[in-house]
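Two chains, two separate frames, one set of hints: put the complex together.
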Amino acid sequence: MTDSFTQHSPHLANRHAAEIRFQWAGRVAIFLALAFLFVMIGSIFYKGTGAFWRTYVALDIDLSKDAIDPQDLAGASYGGLVKKALKAKFPDVKARRDRRKLYGLVSSDAAFALRKWAEENPAELGGVRKFWFVASDDVDVLRKGGIDVEGKESDRRVSDKELKWVATLAAEGRIEQRFNWAFFTSGDSREPELAGILSALVGSAWSLLVCFFLSFPVGIMAAIYLEEFSKKGWWSDLLEVNINNLAAVPSIVFGLLGLAIFLNTFGLPRSSPLVGGMVLALMTLPTIIIAARAALRAVPPSIREAALGIGASPLQSTFHHVLPLAMPGMLTGAIVGMARALGETAPLLMIGMVAFIADVPQSILEPATALPVQIFLWADSPERAFLEKASAAIIVLLFFLVVMNLIAIVLRRRMEQRF
Amino acid sequence: MAYALEKSDAAQLGPSEAVASDPALISAVDVDVFYGEKQALKGISLDVPEHRVTSLIGPSGCGKTTFLRCLNRMNDLIDVCRVEGEIKIAGQNIYAPEVDVVSLRAQVGMVFQKPNPFPKSIFENVAYGPRIHGLASKKSDLQGTVEASLKRAGLWEEVSDRLDHPATALSGGQQQRLCIARAIAVEPKVILMDEPCSALDPIATAHIEELIDELRQKFTIIIVTHSMQQAARVSQHTAFFHMGVLVEHGKTEQIFTTPNDERTESYITGRIG
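Sequence lines, in order, name chains A and B.
Just so you know, we're using the numbering used here here: the first sequence kicks off at 1 and counts up by one.
Just so you know, we're using the numbering used here here: the second sequence kicks off at 1001 and counts up by one.
Calculated from the structure, these hints are not laboratory results.
There's no promise every hint is true.
Unchecked claim - Derived pair list, reagent style BS3-like, types lysine-lysine, alpha-carbon separation capped at 25 Å:
(1) A:Lys47 to A:Lys87
(2) B:Lys1114 to B:Lys1218
(3) A:Lys232 to B:Lys1038
(4) B:Lys1038 to A:Lys231
(5) A:Lys47 to A:Lys65
Stated by the list, open to error - In silico negatives: residues of chain B with every beta carbon more than 12 Å from chain A:
(6) Glu1037
(7) Ser1045
(8) Val1247
Virtual Cβ for every residue (Gly too), placed ideally from N, Cα, C.
Looking at chain B on its own, in the form it has when it is part of the complex (with noise of 0.2 Å):
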């Protein structure tokens, strides 16, 4: 029956919405991630289109994550991960020697798993990267920043008479959209998002999964997600992985609907996870 209801729910995004010719803005070529002896990736070829919100889907271990974190090279932190292939963002080998990693996350911005707010007011949260960066010179206009990233995330009305408090009061959901509020700040291309809602009671994941559509008009969106009917909601391309092989990707509908490969299919109706 779940089966069934994933089915709808991708339909009403509307199929006119995803098209094939996406251009794409993030193209990996033939990517393999190693871990020390052990390869967590093999091969990964895969294009992510603009202004789209494209899901990323898997078994536990898949490497849905680790390809996550190659976007913005978030795995530079692994002393032993190693990545070979090539990541192109809007035309630029992002694993390029002269890439400077803090402007590349500059652009493509992360929210985690958990929310993981500073401990710090909620103004100093959502301040911190365009002050870093010098994107905003006045006060004036970080607070502008602030606020319009703030507003964008969704979460201004329930928080713009208490900026000086501390994040960390916040509930969950709220210090989720004040994460996305952070990235956002900066302006970032791509906004990576690793199963952003598992943490979070199903009323706070309708709002995160609400607003991550309406960031779609103006940032390209990967979202790795456990939930099979979030990636149907919100995306409208999805790629599936397993054991570390990229086995399908498409768009949503076409995933859900008619997978091509027999893993796919075993995993959206539950067989196999």
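This is chain A alone, in the form it adopts within the complex (with noise of 0.2 Å):
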């Protein structure tokens, strides 16, 4: 009798095969997920972690009175004395074109910078001192090993006599690699070891506030509206499918619309970060009535019947039971929406945030651009060193993303309640 109990028939053995084989696949369609991803994070990081460092480059510079003068700080030639310090430090450098290469070892910062110090330090003007100055973007590359230096000279940027005084330095102890403060806290530039992301990510915080303070509330309002107390009827589901065709409308569309509108009909100031926020505030609109309308859904009618059955009007229970119950999905969508957002460039290339800006924005009506688009014009940008730049660009970006979605799982834990 015992076998007749377990007996395997061939069916029931082909429907564990089958169950087996799903859950490979499975397996193996998460793996390769996984994998994707995994590389190109991992090219990111392995293009982009250099940009958190630079080179700097240390000379010897000649402050006494002739050099620099303590009554006329503003009359001295600055980029004369870093030049001097180059010369001397390689004396047999005199072909015109070669001293044109030398000189171009250290940033064009460095004169500024030197003026600068200059200018707050004028006690300390006289004799010979030792500064650190940023190193131009090819002796950064070329440190951080970007520079094939085996291959033929005609092939690289850099010259086998630049290499030569580059060793030289650096057998000096003179080159040194320090963290790039910089980057964070300078805007962009027309030199790659000086440009930052600031006025970028500065740029991109002004849109996302106007986006939030213009979809969120508006968006709410219409998923409440349309959920809990609009009539059901052909009126409504036209609605409803106008707004999920307008989640998928391609982000472009939405740029064109505020070109249009915002820019040439209503003449709001171009490259701003207010228009920005609006385009964008366009875009996240559906996305953030898509997900309010899911969480009321998710509501169980319950908690209305119970509500409304003890007489609290439809405004008092949606407010005061349905409500607090969305909030946290209602927020998530909201955080979501925010976040596909902030990595948007298609409608701010339209409405003009593609612009090079140097300056961190003050306020919504002044120029800026966003994180996306600057990344969008440090790639296209023919520098070897604005790659690595752009990678590490979007390294910031995907720390802001990744902190959003944190925030959204930590408000949705905090305010859950159950039911």
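The following block contains the structure:
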């Protein structure tokens, strides 16, 4: 009797096999997805982490009275002093073309840095002093191993002579890598070694702020009205279909709309975070409405019945009981929408937030750019060093996306009430 | 055998409690209810006497819950639902245009099939109704109302030391008694109960049934139930619905012992349902 109890029919064996096949297919799919993600993030980090460090070159600058007159700080030729120091370091460089290359070892920022120092510390002028200057982007890339020194000279941006100078300086301990704070504290620049993301970051923050304050209240109110108050019928069905379609409209279309309406019709300031935020709000609105409606729908009807059953008005029922329960879901949807807006480039290109902005925008009306646009701009630049910057900016962008999603998760955990 | 049991239960209440001339608080006249094209109730005319428990029985889908939800206009929430005819409570037609649904529902409370406390504290659950209706102006008044309501719902002993605990942590039976306390806290005239014990175990059910009997002193209660034993135990009047029609109504004892209609007899003896 026992073998009939445990007997396997061929049919049963097939079913088990199918189950195992399905599970393995699932595991392989997840593995592939993770592998691609790992490769992508890995390559970004591999390329980008270098940008968080930059190369400095030490030079002995003559600060004597002849060079800088303490009475006339503005009249001194700081660029000339830097050049003189380089010339003194490598006295055998005579040809004009070589000289120019030699001067190109340090960033054009060196003269400004020196002048700034002199103006801040006039008491310490005199004698010779060792200064650390930001190296040029070519030296920076070279020191980070981004240039194939074994290859033919004509194929690389750095000549054999420059290689020799850099090697000499390095041997004397005059080349150093330091953490690149300037990447976080300065705006964009034509010089890769001076470029930072602050202006783009602030531009993104302003835009998101505008976007949030426009789309969140409007989206939540629209969702509450549609879900809790409006009569269901063909009209509400039509609205729902349109909102869903709107969520799928390519974002560049919203950019065109912003260009035509906000800029050309209303005459709002071009390239400003105000308009950027408005365009992003248009784009985020359907996402927020859909998420908020789903959150409202997830509140059990028994809660509404309970409230209405003891004589609460529909408004009281919604705001006292339904909304608190739906809030975590609504906020999550809003933050996910915001995260999407943060990564959006195309609509911002249309309204002119693609301009070269070196200054940090002080208000929502000033010209600004945004993080993804900055990445786009840097990735598009011919200088090798900008590639690294682009990857680093992507890391910063990913960091903020992860933070926003974490906030969403924490909020959901905090506010979730069981019912 | 079940039939015999019901008979004796009904008899225990005593026939004197249910008198044909009990004054009617609610009177429905020729009520039709439609869900879109479908007619759910056909010409219901029913008088519900004051300070009595009236049970609505009948097979699933017979319209008893629909009728119950007409009495506090809970059906208004369903867009496609249409109610015709007249329902008067204390002489006022509740479907008249000047009637405010919110104040109607304060007069006609409801307890639902599944316990549905708000996901807030026990105190907040009971206090919410009096607060939105402005029944208690001072905090001490509110506390008094909450305590009285919980006492009347027979829950005070069990929760008096943890009023600030979440209501959802209570057991199913306690939650349902909390819902009853919440309903009576706004001092309604009528309490509608839609299968209040269907999600509860027998002990919790017995608790609620005792409670219903006590509440009858102060409120008029209409209860929908699937359990004929329950109808026999708690109610003085019974109405039997079948396929959207009110087949028969009268004193519980009479319905269970000498039904006039063949369908009623078939149902209470378990042949249809």
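Now for the hints, and whether the structure bears them out:
For the suggested pair A:Lys47 and A:Lys87, the alpha carbons sit about 34 Å apart, so the restraint of at most 25 Å is broken. Only pairs whose Cα atoms come within 25 Å are accepted, and B:Lys1114 paired with B:Lys1218 is accepted, the gap being roughly 24 Å. For the suggested pair A:Lys232 and B:Lys1038, the alpha carbons sit about 18 Å apart, so the restraint of at most 25 Å is met. Pair hint B:Lys1038 plus A:Lys231 holds up; C-alpha atoms about 20 Å apart against a cutoff of 25 Å.
Restraint check: the Cα-Cα separation between A:Lys47 and A:Lys65 comes to about 46 Å, which exceeds 25 Å; the hinted pair is violated. With a least beta-carbon separation of about 16 Å from chain A, B:Glu1037 lies farther than 12 Å from that chain, consistent with its non-interface assignment. Taking the minimum C-beta to C-beta distance to chain A, about 25 Å, the non-interface status of B:Ser1045 holds against the 12 Å cut. A cut-off of 12 Å between C-beta atoms confirms that B:Val1247 is not in contact with chain A; the least separation is 28 Å.
In this structure, the earlier hints numbered 1, 5 are contradicted, and the remaining ones agree with it.
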